[in-house]
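Asks: Spelled out from the first residue to the last, the chains are:
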Amino acid sequence: MGSLFRFLYEYRLFFLFVLFEIISFWMVINKNTKQQIAFLNSSNEFTAGIMGVSDAVSGYFGLVQENEKLAGENARLNALLVKSQQTIQKMAMDSIKIPEMLDQYTFIVAKVINNSVSRPNNYITLNKGTLDGIKSGMGIISPQGVVGRVMVCSDHFSTATSLLHSKMLISAEISRIHSSGSLKWGGNDPDMANLEFVARHLKPKVGDTVRTSEFSNILPEGIHVGVIKKISLKDDATFYNIEVDLATDFSSLNFVYVIENKLKAEKDTLQFHTTGQTE
Amino acid sequence: MIARNVFQLVFKILIYLGIYFLVASRLPAFHMALCLSYTAVILLLPIGSNAVRTMIFAFAIGFLVDIFHSTPGIHTAACVLMAFFRANFLNWMVPAGGYEEYMTISFPSMGLKWFVPYMLGLLFLHHFLYFLIDYSSFEQIGMVLLKTALSSIFTFLAIVLIQFGIEPPKRAD
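The listed protein sequences correspond, in order, to chains A and B.
Going by numbering that gives the first Met the number 0, the first sequence opens with residue 0, and the numbers climb by one from there.
Going by numbering that gives the first Met the number 0, the second sequence opens with residue 0, and the numbers climb by one from there.
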């Protein structure tokens, strides 16, 4: 017995190493369970606090670009306002009023306080949480285009799956020919994504705009996604290989809009009753 | 005397961690190389540090960084691996005449021939395990190796710069 203890003591460094590695890998493997996410997550107050400070430090270096972006967005919103006023006038002439349809989406402004683009699965941390009305599953857009989907929320912070994530699919369509497909990130370049399931009888062109389609449950229809940069079609393939140049610059995300779809629950329930499954 | 050294050490560790959390963790170069400069707090511990305590320290640091990045276990595993090999590296690389009391792990003190292989070797091990778990597949092994190599060099340069900044080499008067 004594020699066993002496042996253990002699190689204590190695045994400690093995023990620690087992604990680490256990954490890696278990990271998908709910409790683990809630506990070991950057939406907890302590780390989010540090990130807030860190963001305040680095925020100063991007003020010029940020100003330009905001000015650009102002212009875009002004144009949108004019357009929507015209639509409202048209609607006013109609006798049937459906208030929920006119006001289906609400936008909540949030600031990105932590973000990554170089990992195989990227996440975003936002500085608003459940107290600001953010719930898990809401869509996120930036002034430039699509960003991702909210995953977990605490009272004041939330973490979201970025579009740059291997499990993230967004329903998108090529606006010119109205052919929809799934947008999925390739895994390496944060500026490019692939549009999958565009059938070979369609004729997409390089330079076509890609927008979110009306099939999406989390994002409104018509949000800008990007522009087609490369198209290829193998002889025996059913679908095109389409590479989309993403409009959103994920490496400099700053302010984003979290979108609440007020009719999501209703649509989900209806689809569940019909097909017995949710998305 | 000893209390002063401990105070200095804790202070330095806080500076390295502060620089990492506030600046370096946001510096991915060309979407390829990460700057994991927090590894300095384990790499640059005094040569005489107890190996077992170093490993417990590495576990704690890895866990802290994991919470920060919400990547449970990845940094911890890489840090513990690095701490284990640090003890071995220090044994393998004993300079002729053994380690002296005044030696610290920095390139003015140990010389390039000792410092560069020590740092790059351990950083490579750390980064390799980190990216391997992150991608969790051997299919993209080329990508993992490329990122490991680039990030090791990037982190190494960053640590050398930070070290020059906060502990300027003393002039030999």
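Mixed in with the good hints there might be a few duds.
Pulled a few chain B residues facing chain A out of the computed Cβ check, cut under 7 Å [said to hold, decoys possible]: (1) Leu16; (2) Val51; (3) Met54; (4) Phe56; (5) Ala59; (6) Pro71; (7) Thr75; (8) Ile132; (9) Tyr134; (10) Phe137.
Don't read these hints as lab results, they were simulated from the structure.
We put the beta carbon where it would ideally sit given N, CA and C, even for glycine.
Asks: It remains to establish, for every hint, whether it holds in the given structure.
Replies: Cross-check of the supplied hints:
no., hint, verdict
1, Leu16, "10 Å, violated"
2, Val51, "6 Å, holds"
3, Met54, "5 Å, holds"
4, Phe56, "11 Å, violated"
5, Ala59, "10 Å, violated"
6, Pro71, "4 Å, holds"
7, Thr75, "4 Å, holds"
8, Ile132, "6 Å, holds"
9, Tyr134, "5 Å, holds"
10, Phe137, "14 Å, violated"
The structure does not agree with the numbered hints 1, 4, 5 and 10 stated previously, though it agrees with the rest.
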